[in-house]
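> Read off the chains here:
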Amino acid sequence: MVTHEDGGGHGHQHQPPSGFIRKYVFSIDHKVIGIQYLCLALFSVFVGMALSLLMRLHLAWPAAKLPFVTGGQMTPEQYLALMTMHGTIMVFMVLTTAPQSGFGNYFLPIQIGAADMAFPVLNMLSFWTTFVSLVVMLCAFFVPGGAPIGGWTSYPTLSALGEIVGPGQGAGETLWIVGLAIFCGASLMGALNFITTLIDLRTKGMTLGRLPLTCWTWFVTAILGLLAFGVLLAACLLLLFDRIGGTSFFIPGGLVVTDQVITWHKGGSPLLWQHLFWFFGHPEVYIAILPGMGVASHLLSTFSRKPVFGYRAMVAAVCAIGFLGFCVWGHHMFVSGMSPYSAFAFSLLTMTIGVPSAIKTFNWLGTIWGGKIQFTCAMLFALGFVSLFVSGGLSGLFLAQPSLDLYLHDAYFVVAHFHLIMGVAAIFGMFAGLYFWFPKMFGRFLDEGIGKVHFWLTFIGVYAIFMPMHYLGLAGNPRRYSEMTAGPFLIALQPVHKFITIAAFITIAAQLIFLYNFLYSLFAGKEAKEENPWHATTLEWSIPSPPPFDNFGGLEPVVYHGPYEFSVPGAADDFIPQHLAPNLVRKA
Amino acid sequence: MQSRKPQGGSTSTALAFSVFLVVMTVVSVYIFWAKIWWFPKAITDFGHEIDSQFTRTFVITGIVFVAAQFGLAYAIFKFRDQGQKATYFEGNNTMEIIWTLGTIVLFVGLGLYARNAWAEVHFVGASPGALQVEVTGQQFVWNFRYAGPDGKFGRIKPELVSASTGNPVGLDPTDPASKDDIVSPVIVVPANREVELIIRSQDVTHSFYVRELRLKQDAVPGMEIHMHFTATDPGDYEIACAELCGLGHYRMHSILTVMNEPDFEKWEKDQEAANQ
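If you read the sequences in order, they're chains A and B. The opening position of the first sequence corresponds to residue 4 in the working numbering, with each subsequent residue numbered one higher. The opening position of the second sequence corresponds to residue 2 in the working numbering, with each subsequent residue numbered one higher.
Here chain B stands alone, though its shape is the one from the complex (with noise of 0.2 Å):
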C-alpha cells in the first residue's frame, strides 16, 4: 500500500487551527486579567483573602491554559503532514514522572494553600459578643430575624406560620422571649462588628448568597446551619437566592444593609418601638 497523501489544505487548516488557538487564549485571558466582569468589592477582610486565593488560583491556571493552548497551538502548525515521516517514539517515562509529580505539588498545594479562608469561615464559631441574626428561606422570599433587648429568640412553630396575616416565621406569642423579637425582610447589620448568622429553610433549599461577602451557604429544611462575617464597609448589598426553589428563584431576593454603629442602634430601636 502506499503511504497516504497529505490531506487537501493541510497547511491552511493547521494554519487557521492554531491562530483561532492563540487568539482566543489571549482574548480570554485578557478578559480575565483586565477584570471587565469580575467580582463587586469584597467588604470583609476574608473577603480580601478570597479574593487573593483566586488570583494565585487565576496565575496558576493561566500559565497551564496559555502553555497548553500555546503548545497545541504550535505541534497542530509545526508537525502537519508534508509528506514527512513522523518520529517513532512511544513516551518517556521521565519525563511522565516529572510531569506527574510537578502537576501533584501545583494542584495539591494549591488545594492546601487555600486552607486557611476555609478555616476561618468554617472550622472557627463565632465570637461569643457577635451579633446573632436568624435567617429563614421560604418560597421565595427572606425573612430576618432579631432576638431584641432581651437577647433570646422566642420559639417558633410551624403551624403559627402565616406570611398572609403578618406571622412569616412561625413567632409564638405565648412565649415571652418571642414578644420582643424583630422579623424583617431586610437584615441590617452594624459594621466592624461580628455577626453570626444562624440559616434555615420553611420549605425546600435555598442559598443565602452576598457576593461583597464572598459567602454563599444553603438554607436546608430541617437544619440550622450557622456562618459568621464582619463587615467593614457600611453600604447596601444585594442578597440573592442561589439555589434553585422553584419557579420563583429568579427574584427571591433582598438586602443587606451594613450600617455604622450608631445608625445601626437607631435602627434597632426603631424596629422595637413598631413592635410595641
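Chain A extracted, bound-state conformation (with noise of 0.2 Å):
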C-alpha cells in the first residue's frame, strides 16, 4: 500500500513496478486502473449500440432480415434479449462504470493531491471483478435460451419462474442474476475506496470548501453507491434463492402458467422485489448523472474563465439530490398496486428533487453569464449536457405526478425521459470529460475538428432520436414492445418510428467518427507538450501529461486557492492555479 507518512515536502518517489503484467493487466495504480475502466466502458458502450441499432432497425421494419440475428427476421424473445442487454450494460457498465470509476479513479486522487487511492489493492480487485461480472453477463447469450428478456429491471414473477414463462428466463436470467450481484461486490468496493480517498488522502490545504466540484460528485456518488449497491446485492441473491432454491421471496402462490399449476412456491410479494430494486435504481439514476454534472460545472467554469457561480449552492445541491435521490423510489411504482396514499408523498418528494436540479441549471448559466466561452470540443459537449439536462429532467416533472403517471408510466414518454437525462446526458458529460482529460491522460491531443463535427452529429442526433419518443408517449405507445404491429393506434405510430431509427442509425454511425478520433490520437495526435494546455486550475494541471506513477513525484502538493480561479482581478493571469503559492500569483 502507498503511504503518506512523508508529508511535508520531503517525501521519496515510488518506483512504478516493472513487468507488462504487474503494470497493464494486474495494476495497482489507479490511473492504469481508472483507463481500464473507460476501455471496458468504451467496449460495452459500443456493443450496447449495437443491440440498440439492431432493436431499433426491427422496430421500423418489423419483417427486415437483420445481420447477427439468428435466423434472419427477429423474434420477439430476442428482440426482448437485445433490450434487456442493451439497458443493463449501459446502466452498469458503461453510466455506472465510466463517470465514476473511470474519471474518478483517474482524476480524484490527482486533483486531490494523493499519490494514489486509498486502497490501491481493492481498487484492482473491483475492476477485475467488475471485469468478470461483465463477461458472466456477456455469457447469457449464448447459453440455451439465449439471454434474459425480463428487462433490465428484471421484475418477478417473470425473472423469478424460470424457463416456463420465457425462453432467456432459465440459465440466461441465472447468469444475469449472479452477473449482477458479481457487480454489486465491485462497486461496493470502489465506493468504500473513493469515499476513503476523499476523506484520508486530501493534501494539505485541500479543504472541503477547496474541492473541486468534480470531486464533490465522486463523493457523493461513491455514498450512493455504498448505499444502494449494498440493497440491489440482497435483492439479487433473494432472486437467485427463488429460482434456484426454493424459496419464495417474490413468488405468491396460486400462479397457473399456461395451464400448468406452480405449487411449490407461496408466500411471496412481487412488489418487494420493485421496492428493493428501486431503492438502489432511483439513486443509481444519480450515480449516472452526478459526476457529469461535476465534469460540466468545472468546464463550463473552465471555458467560461470565470468561477463557478455559487460553489456553495452547487455542493448543497449535490448533497441535497444525493439524499433526496434515496426518498423518491417509489415513484417508478405508482401504477404496480402499492398504496396511493405512499405514492403521493413520493410524488411530493419527487417534485421537490427538481429544486436542487433546477439550481444547478441556474448556476451553470450563471457561470457563463458575463464569461469568455472558449468553444473546445470538451465545452461544447459541457454546454450540450446542459441543454440535454434541461430537456431530459423537465419531463420528470410530468412523470412525478402520479395522477399524470397513469397514462405515461411505461409508455414511450418514460423512454424518452431517461434516455435524455441519465444516458445522453451522462455520456455528454463523459465526452466532455474525455475531451478534456486527453491530453493529460495520454499525452496527446484528441483532433479538435473531427472531435465538432463528432459533436455536432451527435448533438443533433440524440435530440432527433428522443424528442420523438415523447410524442410516441403522449400517443399512449407502450415500451418494451418488439412490434407495432397489434392495434391501429400503433399502426398509426410507425412513421415515428422510422424516423427514430434513421436518427438513430446516423447517430450511432457518428459514434464511429469518434472512435477514429479516439485511435488515431492516442497514437498520431497532437502532442501535449505543456502541462497546462487548457488554462486550468486544478492540480492534474501542475503535473506532466501523463503524470508519473506516483503522481507528484513523491512530494506533496499545497493547495492555497480555491478551485475556479478564474479571471480574478488583479491578477496578470486569466486563471490561478491551486498550488500556486500566493507570493508567486503574478500581478496584473
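Take these hints with a grain of salt, some might be off.
Here are the simulated lysine-lysine pairs, PhoX-like style, with alpha carbons at most 25 Å apart [said to hold, decoys possible]:
#, chain 1, residue 1, chain 2, residue 2
1, A, 455, A, 529
2, B, 158, A, 269
3, A, 590, B, 86
4, B, 267, B, 153
5, B, 36, A, 501
Sample of chain A residues lacking proximity to chain B, with all beta carbon distances greater than 12 Å (derived) [what the hints assert, rightly or not]:
#, residue
6, 19
7, 24
8, 28
9, 29
10, 42
11, 181
12, 188
13, 282
14, 447
15, 512
None of these hints come from the bench; they were simulated from the model. Where a beta carbon is used, it is the ideal one built from N, C-alpha and C, also for glycine.
Both chains come to you apart, so use the hints to assemble them.
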C-alpha cells in the first residue's frame, strides 16, 4: 500500500512496477485502473449501441432480415433479449463505470493531491471483479434459451419462475442475476475506496471548500453507491434463492403458467422486489448523472474563464440530490399496486428533487454569464450537457405526478425521459471529460476538428432520436413492445418509429468517427507539450502529461486557492492554479 | 504565460449552437402545441381532469424549457470569446434564494395540485351500485369475468385453470355461484354507469391500460387491485398490456366496448343465454 507519512515536502519517489502484467493488467496504479475502466466502458458502449441499433431496425421494419440475428428475422424473444442486455450493459457497464470508476479513479486522487487511492489493491480487485461480472453477463447470450427477456428491471415473477415463463428466463436469467450480484460487490469495493480516499488523502490546504466540484460529485456518488448497491446485492441473492433454492421471497401462491399450476411457491410478493430494486435503482440514476454534473460545472467554469457561480449552492445541491435520491424510489411504482397514499408522498418528494436540479441549471447559466466562452470540444459537450439536462429533467415533472403517470407510465414518454437525462446527458458529461482530460491521460490531444463533427452529429442526433419519443408517449405507445403491429393506433405511429430509427442510425455511425478520433489521437494526435494546455486551475494540470507513477514525484503538493480562480481582478493571468503560492501569483 | 487566444471559429460555433438551441426548442414545443401526436379523446370525467392537469404541467414546464434553452442560447452567443476579459463574480446569495424558493413553490405546488385527480381514482372506492368486472391477465391474453344474474363471483381454483378447454380463469363448477359467471375475452360496459374492475394476474405482472380512460394499473400475481371509472362515450377502445410480461407482451391486447345501457343489457342477456 502506498504510504503518506512523508508529507511536508520531502517525500520519496515511488517506483513504478516493472513487467507488463503488474504494470498494465493487474496494476494497482489508480491511473491504469481508471483507463481499464474506461476501456471496459468503451467496449460496452459499442456493444450496447449495436444492440440498440438492431432493436431500432426491427421496430421500424419488423419483417426485415437483420445481420447477427439467428434466423434472420428477429423474433419477439430475441428483441426482448437485446433490450434487456442493452439496458443492463448501458446502465451498469457504461453509466456506472465510466464517469465514476473511470474518470473518478484517474482524477480524484490527483485532484486532491494524493499519490494513489487509499486502497490500491482493493481498487485493482474492484476492476477485475467488474470485468468478471461483464463476462458472466455476456455469457447469457450463448446459453440455451439465450439472454434474459425480463428487462433491466427484471421484475418477478417473470424473472423468478424460470424457463416456463419464457425463453431466456432459464440459464440466461440466472447468469444475469449472478453477473449483477458480482457487479454489486465490485461497486461496493469501489465506493469504499473513493470515500476513504477523499476523506483521508486530501493534501495540505485541500479543504472541503477547495475541492473541485468533480471531486464533490465523485464523493457523493460513492456514498450513493455504498448505500444502494448493498440493497441490490441482497435483492439479487433473494431472487437467486427463489430460482434455484426453492424459496418464495417474490413469488405468491396459486400461480398458473400456461395451464400448469405452480405448487412449489407461495407467500412471496412481487412488489418486494420492486421496492428493493428501485431503492437501488433511483439512486443509480444519480450515480450515473452526478459525475457528469461535476464535469460540466468544472468545464463551464474553465472554458468561460469564470469562477463557478454559487460554489456552495452547487455543493449543497449535489448533497441534496444525493439525499433526496433515496426518498423517491416509489415514483417508479405508482401503478404497481403500492398504497396510493405513499404514492402521493413519493410524488411530492420527487417534485422536491427538481429544486436542487433547477438550482444547478441556474448556476450553470450563471457560470457562463459574463464569461469568455471558448468553444473547445470539451466545452461544446459540457454546454450540450446543460441543454440535455434541462430537456430530460423537465419531463420528470410530468412523470412525478401519479395522476399523469397513470397514462404515461411504461409508455415511450418514459423512454424519452430517462434516455435524455440518465443516458445521453451522462454520456455528454463523459465526452466532455474525455476531450478535456485526454491530453493529460495520454500526452496527446483528441483532434478538435474531428471532435466538432462528432459533437454536432451527436447533439443533433440525440435530440432527433429522443424528442419524438415524447410524442409516441403522448399517443400512448407502450414501451418494451417488440413490434407495433398489434393495434391500429400503434400502426399509425410507425412513421415516427422509422424517423427515430434513421436518426439512431446516423447518430451511431457518428460514434465511429469518435472511435477513429480516439484511436488516431492516441498514437498520432497532436502532442500535449505543456502541462496545462487549457490554462486550468486544478492539481492535475500541475504535473506532466501523462503523470508519473506516483503523480507528484513523491512530493506532497500544497493547495492555496479555491478550485475556480479564473479572471481574478488584480492578477495578470486569467487563472490561478490551486497550487500556486500566493507570492508567486503575478500581479497585473 | 500569455492569455489564451480565442478558439478558431468562435463566432460561427457560437452562432450555430445558439441557432440550433432555438430551432430545437421551437420545433419541439410546436409539435406538442399543435398536438400532432396526442392523447386520444378522454371518455371519462376523470380523463378530462387528467388532461387539464397535463396542460397545466405542460404550460409550466414549457415556459421553463423555453426560458432555459433560450437563456443558454443567448449566453453562448453573447459571451463568446472575442478577446474580452471575463467578469469575476462567484455567485449571488439573493438570487440563489429567490430561485430556490421560486422552484419550490412552482414544482411542489404543481404536485399538490395533482392530488385531486389521484385522490378521485385511488383514495375513494367505487360506489356500491357499480358494475363489478374481474380482469385477469395471463400470458398473453386478458379475460373478463362478470358475476352474472346472482351478483356473486363463483369460486375459482388454480388447478382448474385450463385455457385449452375453455376455462381460462379456473371456475369451480361445484360452486353454484360460479354457474352463471360470464367469462369473456373482451370487456363490455354500460355508458354512464360506474364500473369497478378487480384486477389480478395468474402468472406474471401485466398492466391493464386503456388510453381513453387515462388509466393504467398493474395486474400483480397474488394481489387483487381495485380500480373504478365511469365511461361516458360509447365506442370500442383498445386495451394494451403495459408491463413487460414475456415474449408475447406486444400482442397482449383486447377491446373495451362501452355501450348504451339497453345495448349492454342485451349483450349481458346474450352472454347468459350462451352460458346455459
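> Quick one: which hint numbers does this structure break? Sort them smallest to largest.
Of the numbered hints given earlier, the structure breaks none, since each of them holds.
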